[in-house]
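Taken in order, these protein sequences are the chains called E and F. To convert, note that position 161 of the first sequence is 148 in my numbering; the numbers rise steadily by one, no gaps. To convert, note that position 187 of the second sequence is 197 in my numbering; the numbers rise steadily by one, no gaps.
A portion of the hints provided could be inaccurate.
[Unchecked claim] To list a few chain F residues with every Cβ distance to chain E over 12 Å, as calculated:
#	residue
1	Ala85
2	Arg192
3	Ser276
[What the hints assert, rightly or not] One-sided excerpt, in silico: chain F residues whose CB lies under 7 Å from chain E:
#	residue
4	Arg110
5	Asp257
6	Ala260
7	Tyr279
8	Ala283
Note that these hints are calculated values from the structure, not bench results. In this text, a Cβ means the ideal position worked out from N, Cα and C, and glycines have one as well.
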Amino acid sequence: MTPDPSVAADFDLEHCTVRELNGALHQALSGGFRVLNPGGAHALACGLDAPLEVHIDGHAGYYCAGMNKSANVTVTGNAGTGCAENIMSGEVRVQGDVSQSLAATGHGGLVVVEGSASARAGISMKGVDIVVGGDVGHMSAFMAQAGRLLVLGQAGPDLGDSIYEAQLYVRGKVASLGADCEEKPMEAEHTAIVAELLERARLDADAASFRRYGSARKLYHFSVDNMDAY
Amino acid sequence: MCGIVGLFLKNEDLQPELGRLTSLMVHEMVDRGPDSAGFAVYETPGEMTKISCLSLTEKTDWKALSDDLQKVIEAPVEVQVIEDHAILYTTGDGAVARNRIIEIAADVTVLSVGHAIELFKGIGDPDAIADRFGLSQRTGRHAIAHTRMATESAVVIAGSHPFSTGADTCLVHNGSLSNHNRLRENLRRQGESFQTENDSEVAAGYLAWRMRQGDTLEAAIEQALQDLDGFYTLAIGTRDGFAVVRDPIACKPAIIAETQDWVAMSSEYRAIARLPGVSHANIWEPEPATVYAWSHAA
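Construct the entire structure; sequences and hints are all you get.
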């Protein structure tokens, strides 16, 4: 990875602490930052609240770029559990793989994983857009409420279990659908959404090759037929 | 929460470094398990059987114990005392020796028996435990280690991992088992003996029982996936290598990295980050309910 030319400061975690790194990032209003020797440390670049460019050169631990707002954070390696959890806006990009609970409860912004994500990607997502270049693990988009999840590879068992209104697009095989998740027809408007997400994620695929999944709306809608149960 | 690590050396030239590299990995897992720790180091199997023992009173008369054993197993026994541990070396029958120690020495726990394994455990700071037992100076072919944050039973040395599952086999566990009481009762009826109330010891006893029934390690683990209820990532050390398995919903973390020189597994990447050549490693998260195994014998 070539260093970002706009880099204003390097933080080498061989020589400074995560607290010092995050403290400096919380003070900054703009600019580029590069994090060297992350070594799988937790909570890197968490809670950012300004239009910063942050490059993490290597592997990140848990909760990397959590609660991100406005900033663009790139990880050149892998990231651990809870990457970009509760993201509000901005963009988080991981060039390797991520562990569980990618972008959990994310409200907005874009999360791109060029490799694969493991279990529960997009759990309880609330408006974030997630694009995964490889596969996602089991129970992805569990209780997903809003936003879009686009998977270029395959999805593990129980995709979209107990889903509300998020939209799921998967190009490869889906091992199984979770409760109240069903396949829906791909119309022109959906192909356009997929094309837009691919472009924003800078990933290449045929937008027409995806299948769409979403809520059957039987689980969370009140049915008058069930009145006697209350 | 607990931390587990395993390191399997493919390159023989790294064998003098096994302990040092394992202690680096343990250090990174201290905050996942600060209350106790243990490790098993496997050297190239030799002629002698090694019996790793722990004195619960620190007043054990090892000389008297070895004199008694020599008579029972009709073979010489040498003792190397290391703090509250002792390694007994003998050409006699290790299983008979183990049973004799359990029979006559109430203050001694037999940690492991085998031709390759040596096992050490303690309570307190994992780095201090590694120092006390000279982990970083140890050599060998593979090792597994554990840092514990107790959830299912007390912080006592008996609850420290690894737990032996038979000759040259032991197990470390991150997670908790929900059905360990019932399983323990069933296994006791099958003749297994347990030394603690710890849930992970039940997993070890389960694997020992299956292998005594004739299962291979892989088959025993496959059956464990059916019968163990709970959260677990297990690393299982064997005479010739180690195996890794996660529960079917992958509740507990694990990561594996492999280079041409070594295979490492850990709860988190940061434990692997200090290993030589890690920047060229193939790194992946093991799939749920899938057995991964490496062996020097292959």
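Here is what the structure says about each hint:
{"no.": "1", "hint": "Ala85", "in the structure": "holds (48 Å)"}
{"no.": "2", "hint": "Arg192", "in the structure": "holds (27 Å)"}
{"no.": "3", "hint": "Ser276", "in the structure": "violated (9 Å)"}
{"no.": "4", "hint": "Arg110", "in the structure": "violated (46 Å)"}
{"no.": "5", "hint": "Asp257", "in the structure": "violated (11 Å)"}
{"no.": "6", "hint": "Ala260", "in the structure": "holds (5 Å)"}
{"no.": "7", "hint": "Tyr279", "in the structure": "holds (4 Å)"}
{"no.": "8", "hint": "Ala283", "in the structure": "holds (4 Å)"}
Figure legend: structure checked against the earlier numbered hints; hints not met, in rising order: 3, 4 and 5.
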